[in-house]
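> Okay, here's what each chain looks like letter by letter:
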Amino acid sequence: MKKTLLVLVAAGIFSIRAWAQPTTFPRNGVYDERPQLYAFTNATIHTDYQTIISNATLVIRNGIVESVGTGIAVPTGAVVTDLKGKHIYPGLVDIYSDYGMPEVKKEGFSWGAFYLRPPQYDSGKKGAYNWNEAIRPENSAADIFAIDAKKAEELRKLGFGAALIHNPDGIARGTGAVVHLGAGKENEVLLKSNASTHFSFDKGSSKQIYPVALMGSIALIRQTYLDADWYKKGGNKVERNLSLDAFNQQRALPAFFEANTRLNILRADKIGDEFGIQYIIKTKGDEYARLDEIKATNAPLVVSLDFPKPFDVEDPLDMVMVPYEDMKHWELAPSNPAALAKAGIPFALTAADLKNKADFWANLRKAIEYGLDEKIALKALTVTPATLLKMDNQIGSLKKGMIANFLITSDNLFGKTTIIYDNYIAGNRYTVTGMPDVDIRGEYNLAVGGQNYKMTIAGMPEKPEVKIGVADTGKAVAKSVLNNSLISISFKADKKDKAEIRLTGWLTGNNLKGEGILTDGKAVKWVATYSGAVKPEAPKENKADTKSAVADLGKVVYPFIAFGVENKLKAEDMLIKNATVWTNEAEGKLENTDVLIKGGKIAQVGKNLSSAGVKVIDGTGKHLTAGIIDEHSHIATESVNELQASTAEVRIGDNVDSEDINIYRQLAGGVTTSQILHGSANPIGGQSALIKLKWGEGPEELKIKNADGFIKFALGENVKQSSSMTSTRFPQTRMGVEQVMMDAFIRAKEYDQALKKYNPKDPNAVPVRRDLELDALAEILNQKRFITCHSYVQSEINMLMHVADSLGFKINTFTHILEGYKVADKMKSRNINASTFADWWAYKMEVQDAIAYSPTLMNKVGLNVGINSDDAEMARRLNQEAAKTVKYGGTTEEDALKMVTLNPARMLHLENRIGSIKAGKDADLVLWNGNPLSIYSRPEKTIIEGTIYYDLERDIKMREELQKDRARIATKMLAAKASNPQGAQMPTPKVMRHYHCDSLFGNEGTCGKAKTFMEVHFSE
Amino acid sequence: MKKIYLLLCSGLLCAASLQAQPPIIAKPQSKAIALKGATIHIGNGQVVENGVVVFENGKITAVGNAQTSIGSAEVIDAAGKHIYPGVIAPNTNLGLDEVSAVKATQDKVETGMLNPNVRSLISYNTDSEHIYVTRDNGVLIAQTVPEGGVISGTSSVVQLDAWNWEDAAYRKDDGIWMTWPAMFSMGGRLEAGTVKKNDKRGEVMGELDRTFKDAYGYSQIKNPSPLNLKLEAMKGLYDGTKTLFIHTDYAKEIVEAVNFAKSHNVKKYVIVGGDDAYLIIDFLKENNVPVLLNSLHRLPGRTEEDVDMPYKLPAILHKAGILVGLAYEETPYNYRNVPFIAGQAAGHGLSKEEALQIVTLNNAKILGIDTRTGTLETGKDANIVVSTGDLLDMRTNNVTQAFIQGRQIVLDDKQKRLYKRFSEKYGK
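Chains as they are written, first to last, in the numbering used here: chain C, 1 to 1020; chain B, 1 to 428.
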C-alpha cells in the first residue's frame, strides 16, 4: 500500500512522465525518474471488449503495456498489486468531448436585435481566412487545449482514459486532438493532434448573419467543399485562403459531423455522399425512430446517452402540454443503443450532452437493461472509438506496446454495484474510489463495557456498513468510518439513550479491537471477534420493475409524433364505385362513376367497372376529386428563410421535415402535393422542394422524383425589409430590387459562359470556381430551373417580366400574386402562371388593392390560375378558398376546383402525372363526403399513389389509441417520479404560439410545431 | 352605383378618389318594407320556409309564413332567397386597424398596462374600407375592441353604416378587455425550448388583484373624490352594465380567470379565446361562463389534438350547453369571413341553424345586445341580410340586400369597384 500511495502522491504533485525519456522541460530540483514498473496479478483481465483472461497478470513499464496474460513472470523490481477477485478493463475512450476546450458563446438569433441594429453581413475574423466566420477549419483543438483538472477528474471517475476533443464552435470546426485524461503538462497528455476534422450545422459563435437557416448551413458546407477543390486546382493563384488550405489538408482525416437529430443524420450523410466522405456522425439518441434510413447511410455513429427525465404528469392539465413524441422518447430513449446494435449499426458511445456527467453509468446500465449487450457497450467505449480514430494500436484494448490505460474494478464493469477502484492512465494511478486496504466484512461478537453484542459488517469493502444487535430495538445502525485499517464506530446501545457509545479501533488478524468511551464517559477497551462471513441478503433491487418497463415498451411510430403509424402505409389496388367524379378533363363532372386504381395509378374511369379481388370503396353520395395541390407551402421544412439578398444556393429539399404534424393535418384537408418554398426575405430566395404528403415516409421518400427544379423569388415590402427600422441591406426600394435581379442574372450569364468556355486540358487555365448560387441562376437561364415569384403590386410584376425578357429567361409563376388582375394581359402574353390567395388583403401597404375577384378576372383573361395557401392552416381548406372564386366573380365550380388541383399541377410541370382523374395518372385522389367546394364537406379518404394516407375512420380510432398510449406512458412516468421525485421535469408548453412574451397562449398564429418567429413572420 | 362610376371617371385623381370613397350611408327607413317568399332563418334555430319579414321605422313588425299580413308595406320579392339576421362580429379591430403593417393606421393599442378607461369608440373610423368589405358578406354589427397591456380598454358595439362613430354606436362601452397573465413566457431568443415559467406573473397578478379590489371599493363610494378615470371606467363591471372580456386559452388559466372575476364581484364575464375550453367543460357549465372562441381557422394548439379540433370546438361546447360565440380576431381582412367560420363549425358537428345562431343570437347575447338584435323577431331592430344562397357557405353566399335598423345599405366596396374597373379594361 505504501508504495502505491507514494506513486499517487508523485502523480498528483510531480507529474510523473509516461515515457522513459525526460521531457524538454527543465526541473526545479533534482531529477526523480523512477523505474515505473508495475505488475497486477491474479486479475480477471478484459484485454479487449470480447477477450477475458482469468487469473492473469498485467505488466506495465513507463506507461506502456509490457505484457498481459497468464503465466507471465513478474519482472524483478516490479511493484506488485494482487488483484484477486478484481477485474481489469481497458480505459474508456470518449470520442466526443469538449474537455480542455474554451466555452463557446453562441450568438443565436434575436429578431429584436435584427431589427434594431444592422446585421453583420461580412466575416468579423481578421486575417486571410474564409469569407464566412462559421467556416474555421484552421482552428486546431491541440492549439487551444488546456488541461482542466476538474473536468479530467470528472471523466476519469467515469472510467475514461482518453478523449477526442474539439472546439464545438462553427460549421467547419477544424481539427480535433486525442488526449489522455491524466495530469501533467499539455505536452505530456496530448497523444495526437490533427486527429480528426469536425463539422456541424450550427454556426456557433459566428456573428455573421449567413447562414441563419439549416439549409443555409448545408449550402455553405457544400460550397466550401467546392471552394476547397477549386483552390487546390488553381484558385490559390487567385487568392490566398488559410481556411481552405487547412480544409484541404484535413480531407484525409476522420471526419466527424455533429448532426444530433435523426433527420440531421440523414442530411449530414447526404452531404458526405456528394463529396465522397463518410462522416462519423454524432447523434442525440433518437435514431431508433428512423432506424432503416439511418442504417442505409452506413455511417458510424457517436451516440449520446442523454436520456430525458420523466415529466411530472400528476396533473392532467399539466400533462396536456407534454407532446406525445416527448413522452415516447422518454420511454424509448434507453432502448436506442440496443436498437442500433440490433440493426447492426456501428457506433461509439459518448458522455457528451450529459448535463450531469455522473448520469453516465446510470444511463449506460439502463441501456443495458433495455437490451444493449455488455460486450457491445464495452466495444462502443473502447475499440470502436479507437478504431474510428485510427488509434486502435494505442488505446481501446490492452496489448503489448499499447498505452497503459486501464481500470481496476470490483467486478464486471457493468454490474449495478460494481465499483471502479482505480483508473490508470498512461501507467499512472488515479484513484476513483480507491481499492480498500482490507475487507473487514463479516459477523462479529462485540464485547464492550461488559456487554456483548452481535455485530454485522456488510456493504462494500471500502464502505462497510455496520449493524449492531441491541436489546429491545433489534439492530441499530452504527455510524462507522473505515480509514486504512482504522475504524471508528458509534452506536446507541438502547434506542432511548441520548448518548452513543463511541469506539475507535484497528484490525488485529481477523478481529477488531480498540479503545472506547461509554455513554457515561467511562473509558473502556473493546474487542470484536470474527465469527464468519456475512450471509448474503436477498437482492433488494426491484428487477421486476425494470423487466416490465422493458417488456412493455411502446412501438415506434412513423413519423415519431402523434398520429404516426406503426407500419408504414402501403399502396393497394382499389375500386371506388358510384361516386361523383370531378375529372378535370374534357368529360367534366361524371355522376355515378367508378374509378379503378392499380399499382398506384388510375387504371380506369368509367361506369360499372369491376375488378376481381381489389378492395371496393363505396362512393355513393360522395365526390371524388384529384388530390389538392398547394403551389405555395412552408410545411414539412426545418427552415424557411435565408437573409442575404440572394440565396439561390439554398435548397428546401436539403431540410425537408418528414415529421411535421401539418403533413397529417393537410392530408385531412385533402392535400396530396405541396411545393415547399423558400420564404420571402430576399429577392432571390432558395430552391423549392416538391413533395407528396406520404405520411410516415422519410424526407427523401416525400420528394417527387424526376420533377423539375423550382426556385423562389420575391418582390416588395419583405425584400425591401420595410418593417426593419435599421436595415441597410440592398435593396431598400423596388428600384433596387430590379438591380439585384439584373446584376444576379448578368453575373450568372457570364459565369455560365465561362464554365462552358473553360478547358480543363489547358494547363494555364484556372478552373472556374463553381458557385452554387450562380449555378442555380444559370439553370434558370438554361430553362432547367423555374421561377415562382412572390409578388404583390403591378409595378414590380411588370419589372420582373421586363428583366426576364431582357435577359432571356422565363418566369414560370407569380405566386400569391395579389395585383395580378391589373397585369393579367401582360402575363398572358408571356404565358406566366398566376397562383394567388383567394381573399387576403389589407394587412400591409402592398396588399391594399388586393381583391377577391382577382382569380376570377385572371381566369377570364385566360391565365392558368391557382389558389395557394402559404399557410399551414389554410392549406387544410384550400377547397373552400377555391370556392370563394365562385362567390367573387362567378367562376364555375369546375374551374374553381381546378385552381387547387390541375392548375397548380401545370405550374409545377406535373400535369401529366397529377391534377386530374384520368387513366395513367398517379392515383392521388380525395373522396369527399359532399361537394368538394362546399364548406360543409370534408375528405373521408386521401389517397396518394394508391395508398390511403388519410382515412377519417382510421383517424378517429387513432385518436382513442393515442389517448390510451399517453395514459400508459403517464403511468410509467408517475412510477418513475415516485421513485425519484426530484428527477421529474415540470411540463411547459413546447410550442411558441405567439410572439408576445407575455401572451404565449394568446391569440392567433398557432404553430403546431415550434417554428421560429422569423419563419412564421416571413412566410407570406 | 352610378355615383361610383362618375367618380371613376372624374379625372387624374381617379385612383385616389377611388380609395377614399366608401359608399353613401343610407337614410333612415322611410316606409315599411316586406321581404316576401324567402326561407327565413330566424337565428334561434327556427326556419320559416316561404316566409315574410316586415319591418317599419327600423324595427321588425312581423315575421311569419306566407299568410303573414304585410299591411301597406312595400314588397320586395325575395322568392328563393334566404333571409338572415345580420351577422355579428365580436372582438374585432374594425375601424382601429386599417393597415396592420403601418403604425400610423393603428389605433388599437394604447401604451401602459392598465387602461380600462381608453375607449375604442373614439378611434372607430367609419371610413375604413374594411367596414364595407365586411358587411358585403352579411356582417352588419361589430364589436370594436382595444388591445395591449393587461387591461386594454373599453370596447363598443357598432353598426356598420354610419357617417361617424357617434352614429355608429350600437352599444356604447359594452365591455372591458383584459388579457389574463400567462403562466409561461418566451425568452427573447428564437431557439426552441425557450418557453419557461413567466416569472413576472406574480407581480402582474398582484397589480390586477389590487386594481380590481380598489375599483370595487371605489364603485361603492357615492361621490368619489378625487375622481379616478380608471376606476370610474370599471364601475360598470360591478353593476352589470359592462362585461369583463378575458383573453385566455390554457385550461388552467381559464379556471383562474373565471375564479378571479367571480371573487372580485364582477357581474358579467366572458372567456375570449378559450382554445382549451373542451378540457374543462363541467367547470364552464357550473359557472355559466360564456366562451367567445377566436377564429376556428387556426391549427390545433398541440400536436396531439384531433386534427379537426378548432373546427369542432363550437359543436363540443354548444352541445354541452355552454353559451358559445365566434369571432375572427385581430385580422381585419378576415372579418368578412365570420359567416364562414360558422359554416366551418356546421361542417363539424353543428346543424346549419345552430351555426348561424352562434354568429347571430349567441354573439348578441355575449355582447349584451340580444334584446335588440341577433334574431329576426318582432320588436327587434331590422338588421337583415338577404342572400341568394346559404350565407354560411362561400360557395353560395351572395348578399343582394342588407338592412341595418331598417335602412337599406349600399352593398359596394373597394374590391367591387376595382373588379368593375378592371373588368372594363379586359372587356370581361
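Please note that a few of the clues may not be correct.
Pair by pair, the computed Cβ-Cβ distance ranges are [as the list claims (entries may be wrong)]:
id, chain 1, residue 1, chain 2, residue 2, range
1, B, Asp77, C, Asn706, 43 to 49 Å
2, B, Met205, C, Glu953, 43 to 49 Å
3, B, Tyr426, C, Ser723, 31 to 37 Å
4, B, Ser263, C, Glu953, 45 to 51 Å
5, C, Tyr121, B, Asn164, 46 to 52 Å
6, B, Lys213, C, Asp315, 53 to 59 Å
Straight line, CA to CA, 25 Å or less: simulated BS3-like cross-link-like pairs of lysine-lysine [as the list claims (entries may be wrong)]:
id, chain 1, residue 1, chain 2, residue 2
7, C, Lys828, B, Lys420
8, B, Lys196, C, Lys106
9, B, Lys196, C, Lys309
10, B, Lys420, C, Lys844
11, B, Lys197, C, Lys106
These aren't lab readings, by the way, just hints derived from the structure by calculation.
Beta carbons: idealized from backbone N, C-alpha and C, even for Gly.
> Does the Cβ distance between B/Ser263 and C/Glu953 fall inside 45 to 51 Å?
holds (46 Å)
> Are the Cα positions of B/Lys197 and C/Lys106 separated by 25 Å at most?
With Cα atoms ~23 Å apart, B/Lys197 and C/Lys106 stay inside 25 Å; holds.
> Hint says 43 to 49 Å; check whether the CB-CB distance for B/Met205 and C/Glu953 agrees.
With Cβ atoms ~46 Å apart, the hint holds.
> Taking the CB of B/Lys213 and the CB of C/Asp315, does the distance hold inside 53 to 59 Å?
violated (29 Å)
> When you check the alpha-carbon spacing of B/Lys196 and C/Lys309, does it fall within 25 Å?
holds (17 Å)
> Should the hint that B/Tyr426 and C/Ser723 are 31 to 37 Å apart at their CB atoms be regarded as holding?
holds (34 Å)
> For the pair we were handed, B/Lys196 and C/Lys106, check the Cα-Cα distance against 25 Å.
Status holds; Cα separation ~20 Å.
> Is it true that the C-beta distance of B/Asp77 to C/Asn706 lies inside 43 to 49 Å, as the hint says?
Given a distance of about 59 Å, which is not inside 43 to 49 Å, the answer is violated.
> What's the verdict on B/Lys420 and C/Lys844, does the C-alpha distance respect the 25 Å limit or exceed it?
Within the cut-off at roughly 23 Å; holds.
> 46 to 52 Å was suggested as the range; check whether the CB atoms of C/Tyr121 and B/Asn164 agree with it.
Given range 46 to 52 Å: holds, Cβ gap about 50 Å.
> Measure nothing beyond the straight line between the CA atoms of C/Lys828 and B/Lys420; if it is 25 Å or shorter, mark the hint as holding.
holds (20 Å)
The earlier numbered hints that this structure contradicts are 1, 6.
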